[in-house]
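Those protein sequences? They're chains C and A, same order as listed.
The first sequence lines up with residues 1160 to 1538 when you count with the working numbering.
The second sequence lines up with residues 1160 to 1538 when you count with the working numbering.
Derived by calculation from the structure, the hints in this document are not laboratory data.
By construction, the Cβ of each residue, glycine as well, lies at the ideal position given by its N, Cα and C atoms.
Any given hint could turn out to be false.
[What the hints assert, rightly or not] Partner residues are not named here, just some residues of chain A that face chain C (Cβ under 8 Å, in silico): (1) Tyr1162; (2) Met1184; (3) Gly1193; (4) Thr1231; (5) Asn1270; (6) Gln1274; (7) Pro1363; (8) Lys1381; (9) Asn1408; (10) Ser1484; (11) Arg1492; (12) Asn1509.
[Said to hold, decoys possible] DSSO-like, lysine-lysine: derived pairs with alpha carbons at most 30 Å apart: (13) Lys1317/A with Lys1269/C; (14) Lys1345/C with Lys1432/C; (15) Lys1185/A with Lys1439/C; (16) Lys1277/A with Lys1185/C; (17) Lys1317/A with Lys1281/A; (18) Lys1433/A with Lys1396/A; (19) Lys1295/A with Lys1439/A; (20) Lys1439/A with Lys1185/C; (21) Lys1295/A with Lys1277/A; (22) Lys1211/C with Lys1185/A; (23) Lys1433/A with Lys1185/C; (24) Lys1214/C with Lys1277/C; (25) Lys1345/A with Lys1433/A; (26) Lys1269/C with Lys1508/A; (27) Lys1508/A with Lys1396/C; (28) Lys1185/A with Lys1432/C; (29) Lys1472/A with Lys1396/A; (30) Lys1439/A with Lys1277/C; (31) Lys1214/C with Lys1185/A; (32) Lys1433/C with Lys1185/A; (33) Lys1214/A with Lys1185/C; (34) Lys1185/C with Lys1432/A.
[To be verified] Pulled from the structure, derived: some chain A residues nowhere near chain C, Cβ distances all over 12 Å: (35) Val1210; (36) Lys1298; (37) Gly1348; (38) Gly1426; (39) Ile1448; (40) Gly1450.
As a plain string of letters, each chain reads:
2 protein chains.
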Amino acid sequence: MIYLDNAATTLIKPDSVIEAVVSAMKTQGNASRGAHGATLTASRTVYDARVKIAKFFNFDKPSNVVFTCNSTEALNIVISGLINDGDHVVSTDTEHNSVLRPLYHLRDTKNIDLQFVKANEKGILCISDFEKIISKKTKVVVVNHISNLTGNVNDIKKISDIAHDAGAVLIVDGSQSAGTMNVDVKALGIDVYCFTGHKGLFGPQGTGGLLVRDGIEIEPFKRGGSGVQTYNEDQPKEYPTRLEAGTLNSHGIAGLSAAIDFISEVGVINIHKKEVELTKYFYDAVMKIDGVKVYGDFSDFDNHAAIVSLNVKDYDSGEVADALSNDYGIATRSGAHCVPRLHIALGTKNQGAVRFSFSYFTTYEELDVAIGALKEIAS
Amino acid sequence: MIYLDNAATTLIKPDSVIEAVVSAMKTQGNASRGAHGATLTASRTVYDARVKIAKFFNFDKPSNVVFTCNSTEALNIVISGLINDGDHVVSTDTEHNSVLRPLYHLRDTKNIDLQFVKANEKGILCISDFEKIISKKTKVVVVNHISNLTGNVNDIKKISDIAHDAGAVLIVDGSQSAGTMNVDVKALGIDVYCFTGHKGLFGPQGTGGLLVRDGIEIEPFKRGGSGVQTYNEDQPKEYPTRLEAGTLNSHGIAGLSAAIDFISEVGVINIHKKEVELTKYFYDAVMKIDGVKVYGDFSDFDNHAAIVSLNVKDYDSGEVADALSNDYGIATRSGAHCVPRLHIALGTKNQGAVRFSFSYFTTYEELDVAIGALKEIAS
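With the hints as constraints, model all of the structure from the sequences given.
Structure follows, in structure tokens:
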């Protein structure tokens, strides 16, 4: 199988990630529960992972690295825990349902004033639209770093400046950026960064988290055992325990920690560079195929993720993906990709789109097979 | 190390569980996202796990087996998703903070009328107290199957009868019962059973779930990508998607599935039988040690979990556990075990208790070392 669905989950994980999970499953007790060898091994693994992740994203407070089971949970935590009745909230047409559905729920139950920055037909968000919509009444801005459909990278620094000038908090959905490009949360001015472990970071499924800038107070989402303050009727106020009830997935976190090591050794900039080259190679080739229409903004490959979404003529995207899978052994993703507003902006609500997404482990030979397959399907 | 902290997390996992996780990490895409080989492999693993888990607990609807990252999440989902403003809710003194803290939060924010069945000095809940407190106004009863501190098993069938006679829904915290005794949710009359994967079930951390009886409508807890109904602004209404937003931990679920196979092959009744024998052996020996006080109801070993919590004289439980760990290499858990009300009932709020908890893989040789260590500490 040629796996070109890395924006959904990376299939090839570094061996060291798998080895770390195996080792953890053989040696780690319950993190932060007790003081014997096995629990301390787990606690150390988790703490080391917080430190590594903080360093990786240039975030200065490891104790504010909160672990979750995926980025959807991280986004639910911060959206439900920061936004209050009647707040003005700004988001965008390019968001995933992991942002949209929690926001719609708050609109319907807490009467929040929800406004969206519109995407154009290339899925581009105009910075001037953020300036128009964000105002002193804005409490929170939620925006993805990279679109999971077009691969467009949003200008987080500029959005952050606008949000902060208005006194708003900026939440960034980093599901597609963590591990695939250099993310410096301090330089970008991100207040809360949500990430998942199993995509660009090459970690196991069941891992993810959020980085919460010091001073940002997020209400607990889950409540339960914390291993400390048993007689406190509330969840402890201190991060990370405040947002981490119950037994942590220290087995998965061990894998994520090894994955961060792998990326740090290779260099996230080198990973991004290779992915840019793969993307440019694929894009240039498929743009030459009659009947192929590509979505997104490819004016600057250095500032684009390893995602190319396209359609062939007026063929249903599901049928094209099925043909790629059944006839060529190529794994892609079709349909709506959980981004309803963006498909409407792109004009692809009915057709969906076929998404090709690459990773550091993707080869040019694989791309050639995919390009050849698209040529045959289009002809 | 002699690991006697299995009620926190089982440390020895069957080899097949680790192998299943490794295989999953090498072959599984994102479950329920797309239709290519890798995603179908993940989807099949997840579906098979639902079927196996349903069968294991004699639950008849695999699609109502919902996966979570642990039992704390399962309990938060059902408690926050079933209980409404002003509801009368009955719980008990023996609950874990994973039940208590979500309930206290609803008491403080939704003005629920929360009443507790009291535990006596052995941690026993009187069935007649349930009869007194549960009434036609009761909406929900939440009770643990097995206490994580005393190992006492609650008579779920009788509690269920009382709850159902009053028209209430019964939620059972099965954190300590899943995998350690035969749990037949139909025979026991459980409406919602919450379990974790990493304790008695021998699965990986990061797994767990809830079984939701048909007809029980739980509000979504998290909202986000579901791989279906992209244009629906709400989380889909159908189980399990209704309660499962974002990428599932299909790597962990593969391990949990293998763990269920292991337990089914050995026979959960045989596992329970061995644990009963280990518990009786340990209990009988430590009861003979001057200065050791054991907590809980050991009148019927067949109806008791493999948990023995005790104190030595008036020694701080943390110091005893540290001595066991440092001087004898024995891993136990001390302190308050996230059960504040139960410690008050037992009179151990200040001292805490040292918990020894066994698994199918615990040996008599290990128990002998622990018994010898307790003798030395007590003398």
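### Query
What are the numbers of the hints the structure violates, in ascending order?
Numbers 5, 6, 12, 13, 16, 18, 19, 24, 26, 29, 30 - these are the hints that the structure violates, sorted from lowest upward.
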